[in-house]
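Student: Each chain, letter by letter, is given below.
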Amino acid sequence: MESRAQYFKPAAREALHNPDLQQALANVQAGFVGKRKFVVDRFPDFEGLRERGRRIKDHTLANLDVYLEQFEAQVHAAGGHVHWAGTQDEAQKIVTDICRQADARIVTKGKTMAGEEVELNEALEAAGVETVETDLGEYIIQLAHEPPSHIIAPAIHKTRQQISDLFNEHHHRGTLKDKLREVPELVDEARGILRQKFLSADVGITGANCLVAETGSLFLVTNEGNGDLTHSLPRVHVAIAGIEKLVPTLEDAATQLRLLARSATGQDMTAYTTMVTGPRRAPDTDGPEEFHIVLLDNGRTRMLEGRFREMLRCIRCGACMNHCPVYSAIGGHAYGWVYPGPMGSVLTPLIVGLDRTRDLPNACTLNGRCQSVCPVKIPLPDLLRDLREEQYQHNLTPRTTRWGLAVWAWFARRPRLYNALARAGIGAMGRIGRRKGRFRHLPLAGGWTAGRDFPAPQRTTFQAAWRQQRGANR
Amino acid sequence: MVLHSLRAGCTPFKGRTRRRPATNDTNPGEHPMPDAASATTRPTVALFATCLVDLFRPSVGFASAQLLEQAGYRVEVPEAQTCCGQPAYNSGDNAHAAAIARQVIEAFRGYDYVVVPSGSCGGTIAAHYPDLLRHEPQWRQAAEELAERTWELTRFLVEVAELELPGVDHPGVTTYHDSCSGLRELGIRSQPRRLLGQVRGLELREMDDTDVCCGFGGTFCVKYPEISERLVSDKVANIEASGADMVLAGDLGCLFNIAGRLKRLDKPVRAYHVAEVLAGTAQRDAAIGEGEA
Chain A
8 MESRAQYFKP AAREALHNPD LQQALANVQA GFVGKRKFVV DRFPDFEGLR ERGRRIKDHT
68 LANLDVYLEQ FEAQVHAAGG HVHWAGTQDE AQKIVTDICR QADARIVTKG KTMAGEEVEL
128 NEALEAAGVE TVETDLGEYI IQLAHEPPSH IIAPAIHKTR QQISDLFNEH HHRGTLKDKL
188 REVPELVDEA RGILRQKFLS ADVGITGANC LVAETGSLFL VTNEGNGDLT HSLPRVHVAI
248 AGIEKLVPTL EDAATQLRLL ARSATGQDMT AYTTMVTGPR RAPDTDGPEE FHIVLLDNGR
308 TRMLEGRFRE MLRCIRCGAC MNHCPVYSAI GGHAYGWVYP GPMGSVLTPL IVGLDRTRDL
368 PNACTLNGRC QSVCPVKIPL PDLLRDLREE QYQHNLTPRT TRWGLAVWAW FARRPRLYNA
428 LARAGIGAMG RIGRRKGRFR HLPLAGGWTA GRDFPAPQRT TFQAAWRQQR GANR
Chain B
2 MVLHSLRAGC TPFKGRTRRR PATNDTNPGE HPMPDAASAT TRPTVALFAT CLVDLFRPSV
62 GFASAQLLEQ AGYRVEVPEA QTCCGQPAYN SGDNAHAAAI ARQVIEAFRG YDYVVVPSGS
122 CGGTIAAHYP DLLRHEPQWR QAAEELAERT WELTRFLVEV AELELPGVDH PGVTTYHDSC
182 SGLRELGIRS QPRRLLGQVR GLELREMDDT DVCCGFGGTF CVKYPEISER LVSDKVANIE
242 ASGADMVLAG DLGCLFNIAG RLKRLDKPVR AYHVAEVLAG TAQRDAAIGE GEA
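Heads up: the sequence lines are chains A and B, in that order. For the first sequence, the residue numbers in the numbering used here are 8 to 481. For the second sequence, the residue numbers in the numbering used here are 2 to 294.
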């Protein structure tokens, strides 16, 4: 999808005043945060596991070329095809070409954020292929023609009522008198529709939760089983994954999966965990005839070289957004692209470009809760601050901010002058506000006083009072 | 690689050496007066008041100094302090931030300890200066040396000074907001609670989400006022739901944000810096955002 991150502020404002969205978001904090805490607390040494996860990712990224070549060789040995996609256009062309060669009319899709990143659905529809999302959340937003608002719960912004209305409109042309209300009813209805699609699909497209270099395998985790039906029923299976999804060994993959389920959904393990190695072989009773893996770069090797390498550790669990107070307030769509929340605020500028994403690194209080729950210890606040520095260096910081900082810094570096001016200014401000104790309005502070009073200062500055009380030398 | 170890772990303080006052010759109830003899034996703490305390709430500076003196330290307030540079640092203006960091390093050279009544400013000095000055080896070394000596107030009082509060009363129900930088960069959580446990009549009642950001975030609160207002509204709702009549925290930024929202909504809950209650001065001074009687 085209990034709309430049409209962050109006989109965030709209989100704050959208009652349906606010109702839906209330569940995020309550559900994900509590469940994660429960399973993490009962795990013997989750900190140790995080550290192991971090080390595995750092080691892999430091030797990515070696492991990618090993992975490619192992996929070939298992009878699969490896495709290297440098850009969005290349990824789209590779996948649509495979579908064309397979004479595909219907494609089923498991959830893939890499696929969202390169606008795979749009490319397939343009090539005349019917594309059906099979993850329930993805299916819902496909009906609604909306992008995902969360990387593991793409329809988290939708209320049950809205989903019921969508199903009525698309499945029954609005004729349903007794609308579906309960979750099992909604799930059953979607299952009935999707079952037909699974059985008639020519190509199945999935993502990959991790790639294993030593075996050429990929892992898919779902809670609905749609990943298995998508990869095993059609004649052709295409998986698409960012190159950072690689780990060296099966043992490493196990570590990552243990971190992933706990951090993402607060499960010890997802309902379905599938390991895929190549296409169907001689003794197999099922599975696709062809297996393709598309390895996506799309800016990742550039990140590998620079100061943002740590972001490539990301295993796409969504814990950072679940614990982000800003995400919890405005939801995912305001961030304007496929990756929202803290990880998106780092990734989007790096992939889409700094100039069209100016708000993302700044719309964060740097409170650090995201880093404290990240299963691979990505220092998200530091990376966001680094992006702010890049913005500053590229003259993307607003001129008023730059001037304000320069003037303030000029005074801050002249303590005598600063202290004298502070004493005079604070004295005046204190005289005006002391009786009431606060200001309802202050010049140049409209951002503060729109929703808050500004507490009035006490009589003078600390420096002045201290020196008056204790004498000049203390 | 130090950069990465700093980023990865939030425990740059382990293994610090403690230098407690050599003589325990002061009556903890009195303010020890400086004299030549004790000045040589008592370690000196330089108080970094922070710009917010300096400008808007000197009572926090005095309360901090009083507590440090009660613990037997000599307190000085270096005149060349203004701000820690965080506004520039968090805005990506590293050149100005580094210039101010160098000034702070110079101003606080030679003191046994630097104590800051703020986890946010303390975190900037202790957790970020070395990274900020990473391209200047000598300054970086000086920054690391300063980081070793720099402590957030409540952590210093508990872990270095091992202060036993002399009979302080503050009856009422209190709740405590964990400021993000202090909590996650400096590990401040148990220390203020432990000190508050020594205040007579004070009942600490935890609110929900004590560790969730109040929405201040430095310049964030004026750059994204609507999001910030929503966050502070959630915080105020949690404070109210706790049933407390007073909210405390260790950072004036958060407190101004919270008190500003409380007052805008005409809530009776009073806000103070934790040092003011520990020093017993909260009974005397008007709460943040409240008028003088």
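By construction, these hints were calculated from the structure, which means they are not laboratory data. Don't take every hint at face value.
Heads up, simulated DSS-like pairs for lysine-lysine below, C-alpha to C-alpha not over 27 Å straight-line [unchecked claim]:
| no. | chain 1 | residue 1 | chain 2 | residue 2 |
| --- | --- | --- | --- | --- |
| 1 | B | K268 | B | K224 |
| 2 | B | K224 | A | K16 |
| 3 | A | K443 | B | K268 |
Student: Each of the hints needs a verdict: does it hold here or not?
Tutor: Going down the list of hints, with the structure as the test:
1. B:K268 with B:K224: holds, 25 Å
2. B:K224 with A:K16: holds, 10 Å
3. A:K443 with B:K268: Roughly 15 Å separates the two Cα atoms, so the pair holds.
Of the numbered hints listed earlier, not one is contradicted by the structure.
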